[in-house]
Amino acid sequence: MHPMTRQKLLPYSFLLPALAITGVVIIYPVFQTLILSIQNYVLYAPDEARYIGLQNFQKLLKDEVFWISLSHSVIWVTSIVVLQLLLGLGSALLLNQSFWWRGVARALVIVPWALPSVIIGLIWTWIYDYNVGVLNDLLLRAHLIDQPVAWLSHPQTSFAAIMLTLVWQGFPFFAVMILAGLQTVPQELYEAARIDGATAFRQFWHVTLPSIAGIMATAVLLRIIWVANSLDIILVMTGGGPGYATYTLPLYAFLRAYSEMEFGYAAALALVMTLLLLGIVFLYVRRQAKELA
Amino acid sequence: MRAYQKTALRFLLIELPVLVILVFALAPFVWMLLTSVKPNADLSIFPVRYWPSEFTADHFKMLWQRTSFFHNWLNSLLIATGAVIVGLSVSIPAAYAFSRFKFAGRNMFLTGFLVINMFPVVLLIIPLFVLMRHLGLIDTFIGVIIGHSTFSIPFSIWMLVSYFNAIPQDLDEAAVIDGASRLQTIRLVVLPLIMPGVVTTAIYVFITSWNEYLYAMMLSGDKVRPVTVALQLFIGEFTVQWGLLTAGGALIALPVTLLFLVIQKRLVGGLTAGAVKS
Amino acid sequence: MTMKRRTFLKLAGSAAAATGLACPAIAQGTTTVRWWYHYDNPQSTPQALIEKFEAANKGIKIQAEAIPWGGGTDYVNRVFSSVVAGNQPDCAMVRLSYLSRFQQMKALEPLDSYLSGWANKADISDDVWKINRAPDGKAYYMPLHYVVIYLYYRQDLFQQAGLQAPKTHADFLKAAQALTKDGVFGYGMRGGAGGFDNWGAFVLGAGATFEKGGMLTNQALEANRWYIELATKHKVVPPSAPTDAFRQIVDGFKAGRSAMIIHHIGSSAEVVAALGDKVSAVPVPRAANGGGWTYFGDESNAVFAGSKNKEAAFQWISFLSSGENNAEQAKLSGQLPVTISGSKNWTQHPQRFVDASSASLPIARSLPDHVKTPDFTARILPTNIQRALAGEIAPDDVMKAIDQLYHG
Numbered sequence: 001m002h003p004m005t006r007q008k009l010l011p012y013s014f015l016l017p018a019l020a021i022t023g024v025v026i027i028y029p030v031f032q033t034l035i036l037s038i039q040n041y042v043l044y045a046p047d048e049a050r051y052i053g054l055q056n057f058q059k060l061l062k063d064e065v066f067w068i069s070l071s072h073s074v075i076w077v078t079s080i081v082v083l084q085l086l087l088g089l090g091s092a093l094l095l096n097q098s099f100w101w102r103g104v105a106r107a108l109v110i111v112p113w114a115l116p117s118v119i120i121g122l123i124w125t126w127i128y129d130y131n132v133g134v135l136n137d138l139l140l141r142a143h144l145i146d147q148p149v150a151w152l153s154h155p156q157t158s159f160a161a162i163m164l165t166l167v168w169q170g171f172p173f174f175a176v177m178i179l180a181g182l183q184t185v186p187q188e189l190y191e192a193a194r195i196d197g198a199t200a201f202r203q204f205w206h207v208t209l210p211s212i213a214g215i216m217a218t219a220v221l222l223r224i225i226w227v228a229n230s231l232d233i234i235l236v237m238t239g240g241g242p243g244y245a246t247y248t249l250p251l252y253a254f255l256r257a258y259s260e261m262e263f264g265y266a267a268a269l270a271l272v273m274t275l276l277l278l279g280i281v282f283l284y285v286r287r288q289a290k291e292l293a
Numbered sequence: 001m002r003a004y005q006k007t008a009l010r011f012l013l014i015e016l017p018v019l020v021i022l023v024f025a026l027a028p029f030v031w032m033l034l035t036s037v038k039p040n041a042d043l044s045i046f047p048v049r050y051w052p053s054e055f056t057a058d059h060f061k062m063l064w065q066r067t068s069f070f071h072n073w074l075n076s077l078l079i080a081t082g083a084v085i086v087g088l089s090v091s092i093p094a095a096y097a098f099s100r101f102k103f104a105g106r107n108m109f110l111t112g113f114l115v116i117n118m119f120p121v122v123l124l125i126i127p128l129f130v131l132m133r134h135l136g137l138i139d140t141f142i143g144v145i146i147g148h149s150t151f152s153i154p155f156s157i158w159m160l161v162s163y164f165n166a167i168p169q170d171l172d173e174a175a176v177i178d179g180a181s182r183l184q185t186i187r188l189v190v191l192p193l194i195m196p197g198v199v200t201t202a203i204y205v206f207i208t209s210w211n212e213y214l215y216a217m218m219l220s221g222d223k224v225r226p227v228t229v230a231l232q233l234f235i236g237e238f239t240v241q242w243g244l245l246t247a248g249g250a251l252i253a254l255p256v257t258l259l260f261l262v263i264q265k266r267l268v269g270g271l272t273a274g275a276v277k278s
Numbered sequence: 001m002t003m004k005r006r007t008f009l010k011l012a013g014s015a016a017a018a019t020g021l022a023c024p025a026i027a028q029g030t031t032t033v034r035w036w037y038h039y040d041n042p043q044s045t046p047q048a049l050i051e052k053f054e055a056a057n058k059g060i061k062i063q064a065e066a067i068p069w070g071g072g073t074d075y076v077n078r079v080f081s082s083v084v085a086g087n088q089p090d091c092a093m094v095r096l097s098y099l100s101r102f103q104q105m106k107a108l109e110p111l112d113s114y115l116s117g118w119a120n121k122a123d124i125s126d127d128v129w130k131i132n133r134a135p136d137g138k139a140y141y142m143p144l145h146y147v148v149i150y151l152y153y154r155q156d157l158f159q160q161a162g163l164q165a166p167k168t169h170a171d172f173l174k175a176a177q178a179l180t181k182d183g184v185f186g187y188g189m190r191g192g193a194g195g196f197d198n199w200g201a202f203v204l205g206a207g208a209t210f211e212k213g214g215m216l217t218n219q220a221l222e223a224n225r226w227y228i229e230l231a232t233k234h235k236v237v238p239p240s241a242p243t244d245a246f247r248q249i250v251d252g253f254k255a256g257r258s259a260m261i262i263h264h265i266g267s268s269a270e271v272v273a274a275l276g277d278k279v280s281a282v283p284v285p286r287a288a289n290g291g292g293w294t295y296f297g298d299e300s301n302a303v304f305a306g307s308k309n310k311e312a313a314f315q316w317i318s319f320l321s322s323g324e325n326n327a328e329q330a331k332l333s334g335q336l337p338v339t340i341s342g343s344k345n346w347t348q349h350p351q352r353f354v355d356a357s358s359a360s361l362p363i364a365r366s367l368p369d370h371v372k373t374p375d376f377t378a379r380i381l382p383t384n385i386q387r388a389l390a391g392e393i394a395p396d397d398v399m400k401a402i403d404q405l406y407h408g
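Residue numbers (this note's numbering), protein chains in the order written: chain D, 1 to 293; chain H, 1 to 278; chain G, 1 to 408.
Just so you know, the hints here were simulated from the structure itself, not pulled from any lab data.
Some hints could be false.
Said to hold, decoys possible - Under the rule of at most 16 Å between Cα atoms (straight-line distance), these lysine to aspartate or glutamate pairs were calculated in the EDC-like manner:
id : chain 1 : residue 1 : chain 2 : residue 2
1  : H       : Lys-223   : G       : Asp-123
2  : G       : Lys-344   : G       : Asp-355
3  : G       : Lys-106   : D       : Glu-48
4  : G       : Lys-121   : G       : Glu-324
5  : G       : Lys-106   : D       : Asp-232
6  : G       : Lys-372   : G       : Glu-324
7  : G       : Lys-130   : G       : Asp-369
8  : G       : Lys-344   : G       : Asp-123
9  : G       : Lys-235   : G       : Asp-182
These figures come from a predicted structure and were not determined experimentally.
Chain D extracted, bound-state conformation (with noise of 0.2 Å):
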């Protein structure tokens, strides 16, 4: 083979493997819920299934719960990921600094993300319970309450309190992140930085920030995605309720597929979400290759 080939045949080679493997895996059953998501595809009459052009598009926009849905999800995905960006970095700091039970510390922190969603949704679960839970037993205890509360069934407080769970599961993910992009900082920027004189915050603003930025802006946007399409947690919590109080968009699109086995319309909203996704992650890859160039 000619060497230039070979020079520009090389990255391929390096992708083909990944490459391989999603393309099984991923983009064939993407591409049979693209198809689905232009027919009326009901799981249990698959041979009524025929093809209705955008349809089910248009029934989307004019459905009440997709909008519910959407604006939660919104929300949802904001809150989140934006409480569980600063308590983690505000984690990794710290377990940065030198103390002799460090070590423990950053085994310990990462506890809530080495837990099945399925347990951490019950374990939280029985914790907000009305009658039983260990919640509303301490705040009665500690007098900040005359009545228990019943978090999860308030259309007000129940939303909070399952984001308090996914902040909770999540955070450690930002904080081991972080903590690993600090240790790429080089040392001699913090010396020459204390040379000039810069105070602990100069120092942090910047030094320390500009260096774990890229990996930052990476982990929000994977955050973004994950915390986006996850929806186990809250199907154990509320299965959505109460009402439509903990709708989110992937959790509907759950529900009309696996209650309703209306694969169609669900393969539908699916889309849609990641058409908005999709504009997120643009702007990310314009400002990254501005970075590159």
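Use these hints to put chains H and G onto chain D, whose structure you have.
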């Protein structure tokens, strides 16, 4: 400043806040541990009984003797390890290519890996199930591991690209000029430098695979059933086996925590190794 | 996927035609029957039953697999996707509420020809056979075990208040009001997942039906308003009622936070463990005109049309529904045996709960055999009841939504 003042200040500014964060992170977990050693009679009462009226190992014993939990636990270990190996071995070369080469379609492929991660998995699962059935991979380790690579590969590539990007390109170019091959450069120069990143990514993939439920539920049968699915068997239609469930939860969290306790030194180790070389 | 299903159906057809000829072969070679099941208690294993069956039926091996129930969705997903993919087991536990969907997929094998030659058919009552019959007149389900929803009540609290166990809806409200005090609520309403069995006792019991317009009669609307007002007006239910599912109502009852809950014999063991003799059960109260409704919670086995071992699969599921095997099976599932012989001398549950179950049978009904029913129980009813309880919509909107679902 005197030594004790320094110690006091460090306690106030660092150790105390760390303690607060740990209490938040661990309280629900400790609650779960306490539940796992409580007799059943202590569970549904109000006001809540925090300290067990007596400590019992019954739930753990029952897990061991009457359910296949430990077998499932080993299955999980195998699946999660497999997911890490498959995920990293295809993602490291790919991420290196994205970080170091300019080639046609680079941005398209990189974005593509992100986009495929954005589709809600609940809708992909049935087509994937049909596909796996045709490949004869239902209820095999390789089937579940490949299922898990749907999230592990895109994620690993993206994380690793940012870690690769953080390493100056001059380093590996210098090595290539010195006569090292591409693979040697990756293995001897670049990989040691991004070790913290590789370890972090590996942890992520391990944990996600360890905790994954939906793919595991659909793609595994009795033979390769992992622990999350086994755990779901404790949540029946009319009863929740709290004792078994919390005991199982404790055993699930254990290896990940231990793993991280061992591995967190590597996060720092990678740095010092890099610093010495430069 | 359409093509795939057609070929799969064709295969299934030829396999069905072949079974007649293949019968003698079963005795010689080894046939493996795959069976999917779910028990509430992970410690229950059908191993002993399988050994007994295999000893009596040489040449048939049973490969039993526990599938997680997962609130119903996991089990059902697993079964339906395996039918779509064509690798369904030979037989599995199934519920009546999914019969219509199975039928539409032509996924099940009619059992009539097998049943006509089955010796133990008369040991299951005609009522049960009738409930399990499909709209096309065929029998696809082999009844396995069942539960009936009834009313648990705290007889000690009732005695202290000088009350009798409620017989009518009006009695029920009076009792709930009298017992709501000192941090105890009269009625632990189930508004969350599975809440249709609580709602049905009062609304279907008072005459609402699933026929077109049956939810919108004055009588039906009135009954539903009355049910919602238990929470909004009379405040005899805990504030957590909108999202409470079985776990929460049973926990609240055990902790002494509610005086009545509506559930079935499946929770009797843990309730008695916590409350002992303080708790008893009666059928759910009836409407003023004597009408009543309570949920018949069914479980059956079915043979899949795609199975290549239908004969052997039928032998296994009929084994499970025969006399003492059925009683053994019911012990594993914690529910009631479906056979007449197995119900006699049933000592697995305290007698008062078995009595309350059998006293409930005259008004026990299943939900309509309709493709929309799973959606009614899982989404439409709980979501709308919760919104009505929170005051977001009027009670009558709940009934409109149900009518819309079935007849819209």
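Right, here's what the structure says about each hint:
Taken as a hint, the H:Lys-223 and G:Asp-123 pair is broken in the structure, with Cα atoms around 37 Å apart against an allowance of 16 Å. Distance restraint check for G:Lys-344 and G:Asp-355: the Cα-Cα separation of roughly 12 Å lies within the 16 Å cut-off, and the hinted pair is therefore satisfied. About 13 Å separates the Cα atoms of G:Lys-106 and D:Glu-48, which keeps this hinted pair within 16 Å; it holds. Distance check on the hinted pair: G:Lys-121 and G:Glu-324 sit about 14 Å apart at the alpha-carbon level, within 16 Å; holds.
At most 16 Å may separate the alpha-carbon atoms for a hinted pair to count; G:Lys-106 and D:Asp-232 exceed this at roughly 32 Å. A C-alpha spacing of about 36 Å is found between G:Lys-372 and G:Glu-324, which places the hinted pair above 16 Å, so the restraint is violated. Proximity of G:Lys-130 to G:Asp-369 is assessed by CA-CA distance (about 12 Å); at most 16 Å being required, the pair is judged to hold. Proposed proximity of G:Lys-344 and G:Asp-123 is supported: the alpha carbons are some 11 Å apart, at most 16 Å.
With a CA separation close to 14 Å, the supplied pair G:Lys-235 and G:Asp-182 stays within the 16 Å bound.
In summary, the numbered hints that this structure violates are 1, 5, 6.
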